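Based on the provided sequences and hints, a complete structural model is requested.
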Amino acid sequence: MKISHAFYKKFIPDALKSSIDLGLKKRSYHQFRVILFSIMISIAMGPVIMVAILSYNNYDNLVQKEEREQLEWHLGGSIKSIEQMVESLKSVVQFAARRDRYTELVTDENLEELYIRMKQQYPFFADLGVIDQDGIQQAYFGPHDLKGADYAKEAWFKGVFDSGVYISRVYTGYRQVPHFAIAVSNLDPKTSKLWTLRVTIDAVTLQQFINTIKTDASDDLFLVDADGILQTSSQLYGKTLSKFEEKVTVGVHSNFSQAGENYFHAIGTITNTPWSLVLLKKRYIHNTDWKLFRRNLYLIVTGCTVISMLVVYTLVHLLTSLIRKADEMQLGMLKDAEHTNKLASIGRLAAGVGHEINNPLAIIDQKTGLIEDLLLMTDDFQHKKTIEQCLKVVNQSVDRCKAITHRLLGFARRTDIQAEDLQINDVIQDDLQFLENAMLYNRIKIELQLQEDLPHIKSDRLQLQQIFLNIINNAIDAIGKDGDISILSHLVAGEVRIVIQDNGPGIPENILPHIFEPFYTTKETGKGTGLGLSITYGIIKKLGGDISVRSHVGRGTAFTITLPLENKNND
Amino acid sequence: MIESNHDNIKVLIADDEVEFASTLLTRLQLRKFDVSTVNSGEAALRAIAEYQPDILLLDLKMPDMDGLEVLAQVKDDFPKMQVLILTGHGSFEVGLEGMELGAYDYIMKPVDLNRLIEKMMEAYRAKNS
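Residue numbers (this note's numbering), protein chains in the order written: chain R, 1 to 571; chain F, 1 to 129.
There may be inaccurate statements among the hints.
To be verified - Quick list of simulated restraints, FRET-style, between CB atoms:
1. R:Q396 x F:P79: 39 to 45 Å
2. F:R125 x R:L349: 37 to 43 Å
3. F:K80 x R:L512: 55 to 61 Å
4. F:Q73 x R:L512: 49 to 55 Å
5. F:R125 x R:E436: 35 to 41 Å
6. F:E19 x R:D484: 43 to 49 Å
7. R:R550 x F:K80: 56 to 62 Å
8. F:E19 x R:H552: 51 to 57 Å
9. R:V393 x F:R115: 18 to 24 Å
10. F:Q73 x R:L440: 37 to 43 Å
11. R:L349 x F:Q73: 56 to 62 Å
12. F:E118 x R:Q396: 20 to 26 Å
13. R:D484 x F:R125: 18 to 24 Å
As the list claims (entries may be wrong) - Which bits of chain R does chain F cover? Going by a derived footprint, with three or more residues having C-beta under 8 Å, they are:
14. 302 to 312
15. 395 to 406
By construction, these hints were calculated from the structure, which means they are not laboratory data. No experiment lies behind these values; they were computed from the predicted model shown. Every residue gets a Cβ at the ideal spot worked out from N, C-alpha and C, and that includes glycine.
Below, the structure written as structure tokens:
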């Protein structure tokens, strides 16, 4: 356990360690705040962002699938319409080229008549030609003089005999106008030779048809041949016979246009023709639904982020200040404990020194006493007076030492506390009676703010008297002449608190921490033992209470004494 | 001149501080007390049995025996004997404990001789009343 504990400790950042583990290092509250903030934000925002990404992707997939299906369905429908259109054109040509009509149509007049009849119904028919088995155009009606033209070497001419029908790609031909041709071949029963009727049709037909089946103006619908040459015009790729830049592959593909717009292009072949239909459609991402969804998602995520940030920031702020306070308190307590320990050991030392000095002092005392006794029994001699004088001073010095040693021994006193029910206010009043003369003499005003309904406490009257006497005496000494002392008593958090405040010169900051230490005195030598406050401190601790001091140089000093209603120290 | 009307009062000083005891002995003798000294607890008990003093000046801390033990023994054997605890060690509540065991009073060293004699006379009068 211990090893793993130490192991973890290595990885815990300093800012999160307890103030004791930190040792000499100071906690970086900035680091603490950053770590806490990051952790809490990730916990709060992680799920939100994950859900947002998932729903974005799901919605994307769903809409895309639907879009593709619609596109395919749309494309399928368009292809069917075109196939029907082509089929009907083919039928017209096939009807005109019935097998027995070769002889009839090979004459120019009959061909012209057919042309005129057809033209009435299909105005976009450009010309008609009848071609024999050898590829020679035997009859022709149209804007060019193409009679006698030889098509034997053309690829389509061979194809038309194989399959009976041939539909050409769109080309410009002689007229420099885009058009395409439908050729139908048949066997003439009389000559037993194959012949072909070839019709050239204006490509505008295709364009018009495409325009009619195009349902959405924003879509781009056009025909291309296998090489990607536009058979009708396109909004995006230009006029008929321009180049379609994509590969002509059947299916739905997604792509970017040159303008950076996201497109689907769906491609499907039209059977029995050289054409494929291309449907270009802007993707759903330009749709209002998708835009709305994205906007809402963005709003929700942003809202969550902002709220989380605010909440987490506030929490982190609160927690940091709590930790800071806890740290300060802990350090304060450690310092206090240290101070108490220090005072206690100084007290023990003082008592020890007192004991050790007391016995030799008693011997000195007795020896001088004996010398005095002997001098009394002796007649006058030279220097007797001086010796008597010396002995007097020795006695005075012994008395001074005695005063100190006796007070020192007071530290070791564990006097039984004579607990009785008493009113603190009365004890203070009694003490003030003792001091009345001193205060009057020094022109010191006393201001009392004693809580009248202060509960009685169980404590030692004489000890308390000594405490207050000591502190008030100090206040009088500090003030010197002309000043105020205020004494305040009240109940705080189940304890009686007494504040004794003077407007004397105050205690300098460098002295303040030492005032409860024995022998620490600022009074001139011989006037104070430096034991008063340390004894006071000892008594208060014994009574289960506490004493603290605040002081400002030039403004005064305040001692605050707290006493429990009942002492739990000495049970 | 030193007052000297105490010749009928027998005093025993039990103190391990030889110099203190001997000086006090001399001074009390000068005042006509019937005084002797011992420097240990054991010796004190023997001297008491032999000498039967009116007043015992008892130190609380002696090398072989605690003063309070001596006190308890003395009070057992000679309940009427007056014991004054005179110590430089000890503490206030040890004094109180001594008084509970039957000591007449408790005096801290160093002590003014006149005050000590006062206490002794007080104790002596208390014994005989």
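Outcome for the supplied range 37 to 43 Å, where the beta carbon pair is F:Q73 and R:L440: Since F:Q73 and R:L440 have Cβ atoms about 56 Å apart, the given range 37 to 43 Å is violated.
Distance restraint hint 56 to 62 Å, applied to the beta-carbon atoms of R:L349 and F:Q73: violated, 34 Å
Assertion that chain F covers the region 395 to 406 of chain R - criterion: three or more residues, beta-carbon distance below 8 Å: As far as the region 395 to 406 of chain R goes, the hint holds, because 3 residues have Cβ atoms under 8 Å from chain F.
Satisfaction of the hinted span 35 to 41 Å by the C-beta atoms belonging to F:R125 and R:E436: holds, 39 Å
Pairwise beta carbon distance, R:D484 to F:R125, judged against the given window 18 to 24 Å: Once the Cβ atoms are compared, 52 Å apart, the range 18 to 24 Å for F:R125 and R:D484 is violated.
Satisfaction of the hinted span 51 to 57 Å by the C-beta atoms belonging to F:E19 and R:H552: holds, 53 Å
Consistency of beta-carbon spacing, F:K80 to R:R550, with hint 56 to 62 Å: Check passed, 59 Å falls within 56 to 62 Å.
Beta-carbon spacing of F:E118 to R:Q396 - inside the hinted bounds 20 to 26 Å or not: holds, 21 Å
Distance restraint evaluation - R:Q396, F:P79, Cβ atoms, bounds 39 to 45 Å: holds, 42 Å
Coverage claim, chain F over the region 302 to 312 of chain R, checked by counting residues with Cβ within 8 Å (three needed): It is violated: at least three residues are needed, and the region 302 to 312 of chain R offers just 0 whose Cβ sits closer than 8 Å to chain F.
Range hint compliance [Cβ, F:Q73 to R:L512, 49 to 55 Å]: Holds, since F:Q73 and R:L512 (Cβ atoms, about 52 Å apart) stay within the stated range.
Outcome of range test on Cβ distance (F:K80, R:L512; 55 to 61 Å): Check passed, 57 Å falls within 55 to 61 Å.
Hint check: violations occur at hints 6, 10, 11, 13, 14; the rest are consistent with the structure.
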